[in-house]
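Chains H and B are the protein sequences, given in the same order.
Residue numbers in the first sequence follow my numbering, run continuously in steps of one, and reach 1156 at the last position.
Residue numbers in the second sequence follow my numbering, run continuously in steps of one, and reach 262 at the last position.
Please keep in mind that the hints were generated in silico from the structure rather than gathered at the bench.
From the three backbone atoms N, C-alpha and C, an ideal C-beta is built for every residue, glycine too.
Misleading hints may appear alongside valid ones.
Said to hold, decoys possible - Derived EDC-like pairs (lysine to aspartate or glutamate); straight-line CA-CA distance at most 20 Å:
(1) 249/B to 1143/H
(2) 249/B to 1105/H
(3) 1113/H to 1128/H
(4) 197/B to 1143/H
(5) 1120/H to 1094/H
What the hints assert, rightly or not - Computed spacing ranges between beta-carbons, pair by pair:
(6) 1095/H to 164/B: 20 to 30 Å
(7) 1129/H to 153/B: 34 to 44 Å
(8) 1064/H to 153/B: 27 to 37 Å
(9) 193/B to 1093/H: 31 to 41 Å
(10) 155/B to 1047/H: 46 to 56 Å
(11) 1070/H to 163/B: 18 to 28 Å
(12) 231/B to 1125/H: 30 to 40 Å
(13) 155/B to 1112/H: 41 to 51 Å
(14) 187/B to 1112/H: 25 to 35 Å
(15) 1156/H to 166/B: 41 to 51 Å
(16) 162/B to 1104/H: 47 to 57 Å
(17) 1093/H to 164/B: 46 to 56 Å
(18) 202/B to 1126/H: 41 to 51 Å
Unchecked claim - Facing chain B, a subset of chain H residues (Cβ under 7 Å, in silico):
(19) 1085
(20) 1107
(21) 1109
(22) 1127
(23) 1130
(24) 1133
(25) 1144
This is what each chain is made of:
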Amino acid sequence: EAGVTQSPRYAVLQEGQAVSFWCDPISGHDTLYWYQQPRDQGPQLLVYFRDEAVIDNSQLPSDRFSAVRPKGTNSTLKIQSAKQGDTATYLCASLGRDIQDTQYFGPGTRLLVL
Amino acid sequence: TQTVSQSDAHVTVFEGDSVELRCNYSYGGSIYLSWYIQHHGHGLQFLLKYYSGNPVVQGVNGFEAEFSKSDSSFHLRKASVHWSDSAVYFCAVSANYGNEKITFGAGTKLTIKP
């Protein structure tokens, strides 16, 4: 069974530039998460979906961040006009229909905003 | 709202030593606790979980954790560490017996000296 895949693995931007991250969850997993993990901190939930619907985006900075999962499979997280404070690793995770199962994490995208 | 605290940011031990990584939580209802490991440059991998039953749970690679309701704790232990155990360990808590929405601690970096 393939795991969660993410691309790109690394991104370096100047402030004000835009960037998109892509995630392919484990096949059949209906719940997909995006986390932000600043250096030396734990992952912090940004947004999560069940199928194509957003369940919780309360921690997503809506003025510059957006996330979609149009067919309930792959997902894209986009940052418009990146800031230095967005420097972090962005992790995608997925969860199957049994919520007592574990979340499975991708390798992450390391973003550096100069 | 659930919270989780990992009091030690860094722990250093020698290979073959035992180790305990501390985790305390606060939540008034039914709780689901887990530990994840993150090797440098990788995503998080699940180690073990507790939600009911025997308070001592076994995980992969010789790790175990003990739940204590009276102390609001879920400490992770290993009797004899190997150099490959060097990583960051995250304690995580979620509510209502499910793993749908997780709150992670800040992490403990475990360094194993030869």
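Against the structure, the hints:
For a cut-off of 20 Å, the pair hint linking residue 249/B to residue 1143/H stands: about 12 Å separates their Cα positions. With a C-alpha separation of about 23 Å, the suggested pair residue 249/B and residue 1105/H falls outside the 20 Å cut-off, and the hint is violated. Of the supplied pair hints, the one linking residue 1113/H and residue 1128/H is violated, its CA atoms being roughly 27 Å apart against a limit of 20 Å. Restraint check for residue 197/B and residue 1143/H: the C-alpha separation of about 9 Å stays at or below 20 Å, so the hint holds.
A hinted pair counts as satisfied when its Cα atoms are at most 20 Å apart, and residue 1120/H with residue 1094/H qualifies at roughly 16 Å. Take residue 1095/H and residue 164/B: their Cβ atoms lie about 50 Å apart, and the range 20 to 30 Å is violated. Checked against the hint of 34 to 44 Å, the C-beta distance between residue 1129/H and residue 153/B comes to roughly 25 Å, which is inconsistent with it. At roughly 34 Å, the beta carbons of residue 1064/H and residue 153/B sit within the given window of 27 to 37 Å.
For residue 193/B paired with residue 1093/H, a C-beta distance near 26 Å fails the hint of 31 to 41 Å. Range check, residue 155/B to residue 1047/H: about 35 Å between beta-carbon atoms, so the 46 to 56 Å window is missed. Checked against the given bound of 18 to 28 Å, the beta carbons of residue 1070/H and residue 163/B, roughly 40 Å apart, lie outside it. Hint check: residue 231/B to residue 1125/H, Cβ distance near 38 Å, so the stated range 30 to 40 Å holds.
For the pair residue 155/B and residue 1112/H, the beta carbons lie near 43 Å from each other, so the given range of 41 to 51 Å is met. The given range of 25 to 35 Å is respected by residue 187/B and residue 1112/H, whose C-beta atoms sit roughly 33 Å from each other. Evaluation of the 41 to 51 Å hint for residue 1156/H and residue 166/B yields a pass: the beta carbon distance comes to about 44 Å. Evaluation of the 47 to 57 Å hint for residue 162/B and residue 1104/H yields a pass: the beta carbon distance comes to about 48 Å.
Take residue 1093/H and residue 164/B: their Cβ atoms lie about 48 Å apart, and the range 46 to 56 Å holds. Range check, residue 202/B to residue 1126/H: about 47 Å between beta-carbon atoms, so the 41 to 51 Å window is met. Nearest Cβ of chain B to the Cβ of residue 1085/H: about 5 Å, under the 7 Å cut. The hint holds. Given the 7 Å rule on beta carbons, the hint for residue 1107/H is violated: about 19 Å separates it from the nearest Cβ of chain B.
The criterion of a C-beta within 7 Å of any C-beta in chain B is not met by residue 1109/H, whose closest approach is roughly 16 Å, and the hint is violated. A least Cβ separation of about 18 Å between residue 1127/H and chain B goes past the 7 Å threshold, and the interface hint is therefore violated. Hint on residue 1130/H is violated. Least Cβ distance to chain B is approximately 14 Å, over the 7 Å limit. Hint status for residue 1133/H: holds, given a least beta-carbon distance of 6 Å to chain B, under 7 Å.
Interface hint status for residue 1144/H: upheld, as the beta-carbon distance to the closest one in chain B is roughly 4 Å, under 7 Å.
The structure shown violates the earlier hints numbered 2, 3, 6, 7, 9, 10, 11, 20, 21, 22 and 23.
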